[in-house]
Every structure is written in structure tokens, then in C-alpha cells.
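Novice: Chain by chain, the residues:
There are 2 protein chains.
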Amino acid sequence: MISIDGDRLLADLRKLSEFGRVENGVHRLSLTDEDVAARKWLVERMTEAGLEARIDGLGSVYGTTPGAKRTVLIGSHTDTVPKGGWLDGAMGVMYGLEVARAFIESRDTADTGVDVISFVDEEGHFHGTTGSLAFCGEFDLETVKAFTNTDGVSYAQALERVGFGGTPLALLDRGRHIAFMEAHIEQGPVLEQARKRIGIVTGIAGMRRTAVTFGGQADHAGTIPMAMRRDAAAAMINFLHDVRGRFEAMAADNTVWNFGYYRIEPGAPNQVAAKAEVTVEFRDLDKDLLDRMADAVEAAAADAAAATNGKVSLETERVVVIHPADMVPEIGRDIEAASRALDVEPLWMQSGAAHDAMHLARRMPTAMLFVPSKGGRSHDPAEDTSEADIVLGAQVLAGTVERLLARDAGSS
Amino acid sequence: MISIDGDRLLADLRKLSEFGRVENGVHRLSLTDEDVAARKWLVERMTEAGLEARIDGLGSVYGTTPGAKRTVLIGSHTDTVPKGGWLDGAMGVMYGLEVARAFIESRDTADTGVDVISFVDEEGHFHGTTGSLAFCGEFDLETVKAFTNTDGVSYAQALERVGFGGTPLALLDRGRHIAFMEAHIEQGPVLEQARKRIGIVTGIAGMRRTAVTFGGQADHAGTIPMAMRRDAAAAMINFLHDVRGRFEAMAADNTVWNFGYYRIEPGAPNQVAAKAEVTVEFRDLDKDLLDRMADAVEAAAADAAAATNGKVSLETERVVVIHPADMVPEIGRDIEAASRALDVEPLWMQSGAAHDAMHLARRMPTAMLFVPSKGGRSHDPAEDTSEADIVLGAQVLAGTVERLLARDAGSS
Chain A
1 MISIDGDRLL
11 ADLRKLSEFG
21 RVENGVHRLS
31 LTDEDVAARK
41 WLVERMTEAG
51 LEARIDGLGS
61 VYGTTPGAKR
71 TVLIGSHTDT
81 VPKGGWLDGA
91 MGVMYGLEVA
101 RAFIESRDTA
111 DTGVDVISFV
121 DEEGHFHGTT
131 GSLAFCGEFD
141 LETVKAFTNT
151 DGVSYAQALE
161 RVGFGGTPLA
171 LLDRGRHIAF
181 MEAHIEQGPV
191 LEQARKRIGI
201 VTGIAGMRRT
211 AVTFGGQADH
221 AGTIPMAMRR
231 DAAAAMINFL
241 HDVRGRFEAM
251 AADNTVWNFG
261 YYRIEPGAPN
271 QVAAKAEVTV
281 EFRDLDKDLL
291 DRMADAVEAA
301 AADAAAATNG
311 KVSLETERVV
321 VIHPADMVPE
331 IGRDIEAASR
341 ALDVEPLWMQ
351 SGAAHDAMHL
361 ARRMPTAMLF
371 VPSKGGRSHD
381 PAEDTSEADI
391 VLGAQVLAGT
401 VERLLARDAG
411 SS
Chain B
413 MISIDGDRLL
423 ADLRKLSEFG
433 RVENGVHRLS
443 LTDEDVAARK
453 WLVERMTEAG
463 LEARIDGLGS
473 VYGTTPGAKR
483 TVLIGSHTDT
493 VPKGGWLDGA
503 MGVMYGLEVA
513 RAFIESRDTA
523 DTGVDVISFV
533 DEEGHFHGTT
543 GSLAFCGEFD
553 LETVKAFTNT
563 DGVSYAQALE
573 RVGFGGTPLA
583 LLDRGRHIAF
593 MEAHIEQGPV
603 LEQARKRIGI
613 VTGIAGMRRT
623 AVTFGGQADH
633 AGTIPMAMRR
643 DAAAAMINFL
653 HDVRGRFEAM
663 AADNTVWNFG
673 YYRIEPGAPN
683 QVAAKAEVTV
693 EFRDLDKDLL
703 DRMADAVEAA
713 AADAAAATNG
723 KVSLETERVV
733 VIHPADMVPE
743 IGRDIEAASR
753 ALDVEPLWMQ
763 SGAAHDAMHL
773 ARRMPTAMLF
783 VPSKGGRSHD
793 PAEDTSEADI
803 VLGAQVLAGT
813 VERLLARDAG
823 SS
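If you're matching them up, the sequences are chains A and B in order. Quick note on this note's numbering: the first sequence kicks off at 1 and runs consecutively. Quick note on this note's numbering: the second sequence kicks off at 413 and runs consecutively.
Okay, chain A solo, but in the shape it has when bound (with noise of 0.2 Å):
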């Protein structure tokens, strides 16, 4: 098996974590400073390990085998959510880097091999997985341009302030890339709990969020008789109560719900709610129980205004409708097989969270693997993962790499 260098790779992990260091965290939103700073540094680092690296016309950094024809694509994004942690997708990226030049180093002859690439803006400073979106053509660039952050700077106006754009967009190309894969910290306590080192992805869950708006007028809560009342706060408790029961008795093993932000207005304890928005979230790989769980939440909450006898109006969006990506069941069983080669047993496991990958996944042969987090914790400071566990993932992504290479060789 082919051999990565887990001290290299470690090294290079804590330098990437230096651009934008907050305390213990790692504050690397896309297109700041810190992460041009950080773009910068990687195409550098791509250079010298032989890979013709460069940045894209959104600020995404691509680095391919020179002379390879055909490769796998690993990446995953250096961008960070607002203190966040210094693996989320740093690690994935650096484990590319660190494969690639692995290939690169053991081989002569360099028809097959590795590409590497950071999707820019996966955290959502301007959109969300805006550079895998863009990389599997499903934006173009004048899209991509108008996104605004939240200080109200359009993605346009970023590029042009730190000197990005112009060059072309890197693009997913099926005759070079065999597939794509993605490594990532899994930022939960599945594998942790299970005592499992690696985990080998089934699917990406589908996420949902469908925000719920129940409408009511102000009144003063001390003078108003209840019965008269048009409380949007007390039709939203019914709508939550509700909501959470019909949730627990449809739920598959790995579903999640999260009822996590609400808006109350006028907000005040002696005044009666005029307006109670929540926003519901919900997760599963299994595409037809999320779309029963968004009439659920329909129902329930057209069950708790039409309790209240015309009192209290609704309005429901469903704001975020993302399909489950399955991941290719012969990839992940060539990550088992690399996995026991290091005599580690893997644990096949869906990812709650969303990633680049599902999008690529849609495109082309995608797969991913985990690594445990201490703790389960990810987005925050406290993230982290033990350096023999972040050395033994690099190392069954080349093992893995390695089959999917002489695959395609052996079936070409």
C-alpha cells in the first residue's frame, strides 16, 4: 500500500490553522483576508508538491497530477463557519495535498493519479457550497456574482477586492475524474461512541427546513380576556407540541428534527404575541419520509390556527428542500478493504450534516469517510480530533485511492 507521510501532513494541517487563529478556533470566512491568505498559501504548497495548482474565477483552489489522465478528485473546503473549529473541511483538503503528493512522490509515471480542490464559500458566508455548486456547472458565474454577504458585499465585489476573478472556473470533467471523495471530521459522537476510528459514509441525509408563521395582533396581556385573544405564541406552542409528536411516531432510526429559531414579535412579556415564527428542520436519507414530514408539519400547523377559529393566521414556506446524495456502496467498500488492511474496522454510517460531496454525487461516483470527533463537537473551538486518528484517515483514503486507481486501469 502506498505510504502518506502523517508528520508532514500533520504540519501542514497546524500552519492552514494559523490563518485566522482566534484563541483555539479558527475565524476563516471566504473571501477575507485570512482565507485569501490561506488560498494563497495552498496554491503554494500545491506547487511544490508537484501539482499544477491555481486559483478559480470564484476564489475555489484546483490543483491536478501534471501529465495524469485520468484521476480521482479529493477536496473538501478551507473556508470556516464564525469560530469555528481547525479540521471541518481543512482536513479533507490537506489529506488531498497530502495524497497527491504521496502518488506523486511513489510513481515515475504519472498517466493516473490525484487532483485536489477547496471549494470556496461551503460555509455560507455568501451562499453555501457555492464552489462545489459552480465546480458541477449548477451555477454559472453571474450567479455566483450577485450572492451578497451579510455586511451586504456582493460576491463581485469581494473577488474584485481581493484581486480573484477573471481566471476560469475549474469544472468537473468525467473523462479525467474516476470520482470524488471527501473526507471530513464526522462532528458527531457516533463513531466515538461506537469506538470505531473510521466511518464510511452510506448517504448524505436530505435536509428540510419549512418555516412556520403564525399571525395575531398585539394586545396587552393584563386587560385583554383570554377568549378574545389573538395570541400567534399560544397557536405556535399547540403547532410545537404537535409537530414533535407526529415527528417521534414517523421517524426512521437516523432522523433528526431541530426546532432551534424562533421570532416573536412584539416580544415583551405583557404583550400578546402578534407574530410567532419557528422554523422547523428536518434530516433523513430517505427522501419520501422527509416529504411526509413536510405535510406533517403543514398539517400541524394548519391543525393548531384552525384551533384558534380564525383568530390567528398561517403562513408556512418550505425554505430549504435538499435531496439525499447516496454514496457509491463500491467505493466505501474499497475504504473497508483499505481500512482492514490497517487491521481498523470501519463503521458504515449516514452523515447528518451537509457536504460538497452532494452535490457531487450527483454527477459522478462520490464517496466519503470519516474520522471521529472528540466529543462529537464541530463548529466551535473545541473541535478536534487525536493526531493518530487524523493519520490513520489520509492514509485509508491512499489505500483507498490505490484500488480506485487500478480499477479503472484494470477496466480501461
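One thing to keep in mind: the hints can contain errors.
Derived CB-CB ranges, DEER-like [claimed, not checked]: (1) A:ALA252 x B:ALA606: 51 to 59 Å; (2) A:MET250 x B:ALA718: 22 to 30 Å; (3) B:HIS735 x A:GLY128: 52 to 60 Å; (4) B:ALA661 x A:MET250: 27 to 35 Å.
Here are a few chain B residues that sit away from chain A, every Cβ distance over 10 Å (derived from the structure) [stated by the list, open to error]: (5) ALA423; (6) GLU446; (7) ARG457; (8) ARG466; (9) LYS481; (10) GLU517; (11) VAL565; (12) GLU572; (13) MET662; (14) GLU757.
Capping the alpha-carbon separation at 30 Å, the derived lysine-lysine pairs in DSS-like fashion look like this [stated by the list, open to error]: (15) B:LYS427 x B:LYS452; (16) A:LYS40 x A:LYS145; (17) B:LYS786 x B:LYS495; (18) A:LYS311 x B:LYS495; (19) B:LYS495 x B:LYS452; (20) B:LYS495 x B:LYS557; (21) A:LYS374 x B:LYS723; (22) B:LYS495 x A:LYS275; (23) B:LYS723 x A:LYS83; (24) B:LYS786 x A:LYS275; (25) B:LYS687 x B:LYS723; (26) A:LYS15 x A:LYS83; (27) B:LYS557 x B:LYS452; (28) A:LYS83 x A:LYS40; (29) B:LYS786 x B:LYS427; (30) B:LYS687 x A:LYS374; (31) B:LYS427 x B:LYS495; (32) A:LYS69 x A:LYS40; (33) A:LYS374 x A:LYS15; (34) A:LYS83 x B:LYS687; (35) A:LYS15 x A:LYS40; (36) A:LYS311 x A:LYS275; (37) B:LYS452 x B:LYS481; (38) B:LYS786 x A:LYS311; (39) B:LYS687 x A:LYS275; (40) A:LYS83 x A:LYS374.
No wet-lab data here; the hints were simulated from the structure. Built from N, CA and C at the ideal position, the CB exists for glycine as well.
Got chain A sorted already, so can you dock chain B onto it with the hints?
Specialist: Just chain B, lined up with the frame of chain A:
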């Protein structure tokens, strides 16, 4: 019966509403420029009416009938909530001015009469019912001076800015004041729906607020299995549904409650809530029922936390405890007699809102009368009462004072 001058009363009310007018409403927070101008104008109008008028050391405006040894004290407040209505407390103060003026004009001798007060900071720009609490001796000057408004300005700084302070506090004088009477718009729909023009307040509901805070852990809402979450919002939903059921089971006819204030952190659709805070407010005339409701809040909260098996923590705090205040039935019957003398049948009803009168009621015979609020609206530019009802209320108040003074003279 003594006669008030309805046109003069309405003209004064309209003039007062010009101080701090914003479109159809009035924005006159205590000790702002517009509030101070209104207070100075009120001193002028009181002086013109023959009262000895002054602004006390905290900003309350106090006018006394010269030569009178026994008086009925009439008052309310001229400050407003942000973008409030034109009547609210202002009406009760101008009733006091008009009734005092009518008595002064109608009689040569004045060993009895009417004193008038506009209590400062009723609406809580600094604290709430500050003037009436100080008038009752429950706050000293130094306590009040340390209060700060939402801009961080202390009461002491505000007094200095506007040139108030240094004068004595107006104080309750049980040797002088026979009774306190506060007239107010109802701020609810009860009179309008019952087609009654005068409300006699039986008592002011006590009010409690309990802040309930569940503590969990912020986690990725896609990657953490449901059973492993420490979801503060889920506990809050259980709590709210449970406590509402308990309230419904124990409520009396006029009991009211509100779940109007929420704070969910971090507050994102894809983040499990680390903190979920809700303030439960409830009001009733029966102190024992309020005690039982406060206990029910804590029991429901404890049950919701216990159901998480230690994953979610709980804090509850009884942040506001205001006891119910009974009005004096004998004065209520005077109001009833004064109404019937005008061929108007009044309605006995509770006050769901708090008023300065609740503090006076602990110290002296106190009564309130209500006039209807159009559509039940208050604390809003839409707040209004018909001119005929405004004038009627003042006339009923004058008739009531006449009865009170006559009975006091008869008993002394």
C-alpha cells in the same frame, strides 16, 4: 351635582397630546424634553385653575387646592410608552385638573377640595410607577436616582439635565387626603362589548412574572442523534404545553396569562438550542390563586427538566411579584350613584393592567373608574375613546368626589 366643562377638558387633553406627538400617537417618555415641556405646561394650567402647583424632586407634578384641609386626591400619569396613545394616563390627570377647577369655581369657601397629581415614570422608562411609589414613601430619593433608563442614563443624570431635582418630594398626607381616585381608559374591550360607558374597578389584578431558563448544549442539528442531544428548546416546548394545561385547569373567570418573551440561543435552524428562556406572566385578583399558579410554573418546569434525565438544566426566578390591590367598595358605590344620577348604568369589573392606584390602595381608600377604549386598543396610536365618553367619565368623577367630600364633612 357639580358640573365640569367638557369642552374645556377636551381642549386641555388635545393641547397635552401635542407634546411628543408622533403621527397619530404620542411618544413622551419620562424626563425627555417633550415630557418636561408637558409637565411645565401642566403646572401653568394648574396655576391658572387656582391650584398651588409645583414639580417635585423626582418630576411628579402636584397641585393642591389653597386653603383646603381635607381633599380628594385625583391623579394618574402624563408619561407614555414609546409611541403610545393620547389618552392612557393623561386623561386621568386632566380629569383631576378639570374637577379641581370646577370645585374651585363653584365654591367661595374651600376648606375641602381636590388635589391633583401627575406621577412621574409610571410607564417604566426608568423603573415603573416610580412617582406613586415615592409618593407613598416606598422609595427614597437616592434609590430612585440610581435607576437607569435603556440608554444607560441614570435618573440623577436625567434630573440634572432637565433642571429638576432639589425641590421636596410630594408625599401622601393621611391627615389631608380623604381618598385617591384614578380614572383611566379601560385598555381592553370589556366595556365596549358590554355596551357600558363607565367601569367601576373592583380591584387591580396582581401580576407575576416567572423567568424559566432551560440550559442545554449547542450542537449540530444534523450530526447528533436525537437521543444524545441536550436540547433546551425541546424542554421548553414540553414545559409550555404542560403549564398552559395546568393554568387552564386552575384559572378563574378573569385569570389571564401570557407567554410573550422568548430568548433561544444560539437561535439558528441548524443548531440545537443551548439556552431557551421564556417569561411566563399571569394575573388575577386572587393572591392565593397567583401563588398556586407560580407553584404550577415551577412544577411544570421541573417536570420538563426531569424528563431529560439530567441532560437539560433548569433555573426559575420569580422576577415580578405584584400583589392584587382591592379598591374600596364604598367609593365604588359612590361612582355607581354618580353614574345613575346621569342615567348611566356602570359595570363592575377588574383592572387587568397595573396602575399607580395599586400602590395608593395599600395606604389609603382608593378607587378607579374606567371609560371605554375603542376596539380595546391601548399603548398604541390607535388608542381612542369617544368625546362623549371622555366628558361623561369626568362628570361621574366630579359627582363621586362631591359625595366623598360630603360624607367626610358629615363624619368629622
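Novice: All hints, please: hold or fail.
Specialist: The hints, checked one at a time:
1. A:ALA252 x B:ALA606: 51 to 59 Å: holds (55 Å)
2. A:MET250 x B:ALA718: 22 to 30 Å: holds (26 Å)
3. B:HIS735 x A:GLY128: 52 to 60 Å: holds (53 Å)
4. B:ALA661 x A:MET250: 27 to 35 Å: holds (30 Å)
5. ALA423: holds (28 Å)
6. GLU446: Check passes; 23 Å lies beyond 10 Å.
7. ARG457: Since the minimum Cβ distance to chain A is about 29 Å, ARG457 of chain B lies beyond 10 Å and the statement holds.
8. ARG466: Per Cβ check, ARG466 of chain B is outside 10 Å of chain A; nearest 33 Å; holds.
9. LYS481: The claim holds: LYS481 of chain B sits with its nearest Cβ about 37 Å from chain A, beyond 10 Å.
10. GLU517: holds (35 Å)
11. VAL565: The assertion about VAL565 of chain B holds, with a minimum of 21 Å to chain A.
12. GLU572: Non-interface label stands for GLU572 of chain B: nearest chain A Cβ at 30 Å, farther than 10 Å.
13. MET662: MET662 of chain B clear of chain A: closest Cβ-Cβ about 13 Å, beyond 10 Å.
14. GLU757: holds (21 Å)
15. B:LYS427 x B:LYS452: holds (13 Å)
16. A:LYS40 x A:LYS145: Holds, at roughly 21 Å.
17. B:LYS786 x B:LYS495: holds (17 Å)
18. A:LYS311 x B:LYS495: holds (25 Å)
19. B:LYS495 x B:LYS452: holds (21 Å)
20. B:LYS495 x B:LYS557: holds (25 Å)
21. A:LYS374 x B:LYS723: Given that 30 Å is the threshold and the Cα spacing comes to 19 Å, the pair holds.
22. B:LYS495 x A:LYS275: holds (19 Å)
23. B:LYS723 x A:LYS83: Cα-Cα ~25 Å, so holds.
24. B:LYS786 x A:LYS275: holds (23 Å)
25. B:LYS687 x B:LYS723: Within the cut-off at roughly 12 Å; holds.
26. A:LYS15 x A:LYS83: Holds, at about 17 Å.
27. B:LYS557 x B:LYS452: Status holds; Cα separation ~21 Å.
28. A:LYS83 x A:LYS40: holds (21 Å)
29. B:LYS786 x B:LYS427: holds (21 Å)
30. B:LYS687 x A:LYS374: Holds. LYS687 of chain B to LYS374 of chain A sits at ~22 Å (cutoff 30 Å).
31. B:LYS427 x B:LYS495: Measuring from Cα to Cα gives roughly 17 Å; hence the hint holds.
32. A:LYS69 x A:LYS40: With Cα atoms ~26 Å apart, LYS69 of chain A and LYS40 of chain A stay inside 30 Å; holds.
33. A:LYS374 x A:LYS15: holds (21 Å)
34. A:LYS83 x B:LYS687: Holds, at roughly 19 Å.
35. A:LYS15 x A:LYS40: holds (13 Å)
36. A:LYS311 x A:LYS275: holds (12 Å)
37. B:LYS452 x B:LYS481: holds (26 Å)
38. B:LYS786 x A:LYS311: Holds: LYS786 of chain B and LYS311 of chain A sit about 19 Å apart, inside 30 Å.
39. B:LYS687 x A:LYS275: holds (21 Å)
40. A:LYS83 x A:LYS374: Holds, because 17 Å separates the two Cα atoms, which is no more than 30 Å.
Of the numbered hints stated above, none is contradicted by the structure.
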